[in-house]
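Protein chains: 2
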Amino acid sequence: MSNKELDGLRNQLDDVNLQLLHLINQRAELVQEIGRVKEKQGVNRYDPVRERTMLDLIEANHQGPLDLGSIKHIFKEIFKLGLELQKDDQKKTLLV
Amino acid sequence: MSNKELDGLRNQLDDVNLQLLHLINQRAELVQEIGRVKEKQGVNRYDPVRERTMLDLIEANHQGPLDLGSIKHIFKEIFKLGLELQKDDQKKTLLV
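As given, the protein sequences belong to chains A and X, one line each in that order.
Taking this note's numbering, the leading residue of the first sequence gets 27, the next gets one more, and so forth.
Taking this note's numbering, the leading residue of the second sequence gets 27, the next gets one more, and so forth.
Worth flagging that the hints you see were computed from the coordinates, not collected in a lab.
The reader is advised that the hints may include incorrect statements.
Because identical chains share one entry, a pair is satisfied inside a single copy or across any pair of copies.
The calculated lysine-lysine pairs, modelled on BS3-like cross-linking and capped at a C-alpha distance of 30 Å, are [to be verified]: (1) 113 x 64; (2) 117 x 64; (3) 64 x 118; (4) 30 x 102; (5) 30 x 64; (6) 106 x 30; (7) 118 x 102; (8) 113 x 30.
A quick note: this is a predicted structure, and the numbers were derived from the prediction, not measured.
All chains should be modelled from the sequences, with the hints used to inform the complete structure.
Shown next as structure tokens:
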């Protein structure tokens, strides 16, 4: 049974990976859009309170099996990518 | 307009965060399951070739706006969590 079982699980894993890829990029687009709105408002883009609120919501909805520390670590990495993308956009705006 | 616009975008971002949370944990469950199947087969759990194949598929499907290096970085972090979880499971098995 087992190679078929393993192949099936691996196919599911690939599918989850692609859904994650899609969501991570979708998230980045939203962060870019938020950056543009904030820029129009002349508001500072980095907002540690908002980051805290996002993490609290994630924590409240987390059920495992990963431990919370690992989840927070991953999300902080994902948050960082969003911020870097906003910085790139800002640099592009400054260059033109 | 803009506070309403910002709130709407932030709600969408929270929603994407929770979808990501769900998928990251779902992925971890699959990795645990794969670990159990491999253990039954007496196969080594860490498989660098499989990791390469997963990254290749991700790369082939990536369209941005994040750059590929950032995407790979995040996925490598996500892969690490899965491996650590398998190690924990193995330790638990060894303790009983």
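Violations among the numbered hints, reported as their numbers in ascending order
Every hint satisfied by this model.
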